[in-house]
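**Student:** Position chain W relative to chain V; hints supplied.
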Amino acid sequence: MLARRIIPCLDTDGERVVKGVQFVNLRDAGDPAALAARYNREGADELVVLDITASRDHRTTFVQTIRRVAAELAIPLTAGGGISTVDQGRAVLRAGADKLTVNTAALRRPELLTELAAEFGSQAVVLAIDAKRADGHWEAFVRGGRDSTGQDALAWAREGVARGAGEILLTSMDRDGTRKGFDLPLTAAISRAVTVPVIASGGADSPSDFLDVFVEGCADAALAASIFHDAVQGLGELKRFLASRGVPIRLV
Amino acid sequence: MVCRWVPVKITLVEYDAGNLPSVERALARQDVQTVRAATPDAIEAAEALILPGVGHFGQLMRTLGARGLTAPLRQAISRGKPLLGICLGLQALFSASDEAPGDPGLGLFAGRVTALPATAKLPHMGWNQLRRVRESVLFEGVPAGAYFYFAHTYAALDAGEATVAICDHAAPFVAALAQDNLFAVQFHPEKSGDVGARVLANFVARAVSGESVKAERTTGKGTS
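Quick note, the sequences are listed as chains V and W, same order. Counting in my numbering, the first sequence runs from 1 upward without gaps. Counting in my numbering, the second sequence runs from 253 upward without gaps.
Here are the computed lysine-lysine pairs in the BS3-like style, where the Cα-Cα straight-line distance is at most 30 Å:
#1 V:Lys19 with V:Lys180
#2 W:Lys373 with V:Lys132
#3 V:Lys19 with V:Lys132
#4 W:Lys373 with V:Lys180
#5 W:Lys333 with W:Lys261
Reference listing, derived: stretches of chain W covered by chain V, where coverage requires no fewer than 3 residues with Cβ under 8 Å from a Cβ of chain V:
#6 274 to 285
#7 434 to 445
Reference excerpt, derived from the structure (chain V facing chain W, CB under 7 Å, subset only):
#8 Leu2
#9 Ala3
#10 Arg5
#11 Asp45
#12 Ile75
#13 Pro76
#14 Gly96
#15 Gly121
#16 Gln123
#17 Pro197
#18 Arg250
No wet-lab data here; the hints were simulated from the structure. As the structure is a computational prediction, the values presented were derived from the model and not from experiment. Ideal Cβ placement from N, Cα and C applies to all residues, glycine included.
Just chain V, with the same shape it has in the complex (with noise of 0.2 Å):
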């Protein structure tokens, strides 16, 4: 059976490990290699990391950011933020993550995910939608979440799998960094819409969270940013409360 995964998440401002909330009032948390390392080592089934600066002077240094975690890791990397082409996200690739992630680029030119598609397969293009609430539906958020698009994100996220996108990466914008849960509602939407993987990623505070964003969520992957790496939640503890719950998990 394949097991639900449980992914931290780094966001970084390109260098360091950087946190808010809802996608505000960053502070710095930490080295990324150095949580990358303790992450691998308690038991984490992948990692991301993403650059949600985006800025174009920090590239070189996410890359270098990028190589520096991967060298850590014996479980996959995944990274993103701001790649826009495809040799922007060859260069992530080459630095020794698995996966990348797109999210305002791809809205902007969906074809973007079919060229990746193409060159990388489908195994390695994740689709990020940050979605948030707005009159009875969905809306896909650009930018870090500051720009609405307007787009339906469950109709997004259908294109985006049919033009390549191998994995979802699902951001509840009205969850994000609030602790209040999962938002169960739209990761179960979402995860009936698609046929590939859905990550489940905005407001996780306790184990019950993730329990219910695999049960009611139906998410492939749960991720999280703050509550591991404040040790508020410690990663065997959860994964072993899951087990507990006849949740399928990988334990280390």
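**Tutor:** Here is chain W on its own, set in the frame of chain V:
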């Protein structure tokens, strides 16, 4: 006095879309020396080979062809050099793949690589357990319920007697195979934590010992 064997250098077959750096790093952690090979001469000079793989079947076969590596690879295998195929590197050992019907594989196994049925989420992405159908040096010291990391949509459904382990996602498929000097895994040992490191170490140990492969053939069946 400590007796140490002469370390074998593992040759990694280089083509553009590989997961080669990850495999290099995983072996470097075990103090195993590696060298990249992108020419026929480099393949011929190899003591033991790893064919890594991430990407597209057609692209892999065309790149091997364009670099003149297809025949040297077949020769190396027929001369008994140990080879480990990883992920797409397993699929390349078969005669063809539905992912690229026009591009023949290395043809060391007669079967055809096909897409997994769409009755489960694809790609098959994440950690899964194996059902071992017979003993193999590859899994020495690896606990029975161990999880390995997979990331693929296509798979070989049958490798006959060479099949060592099966995984199930929408359909049962070949997760590991071994035949004489030839080894291959559909999962990514370089991304599968401690158990993956053990599989790589087992392959390296086998490459170092140069042990006759008959052992691989005559080991018992029926551990499932």
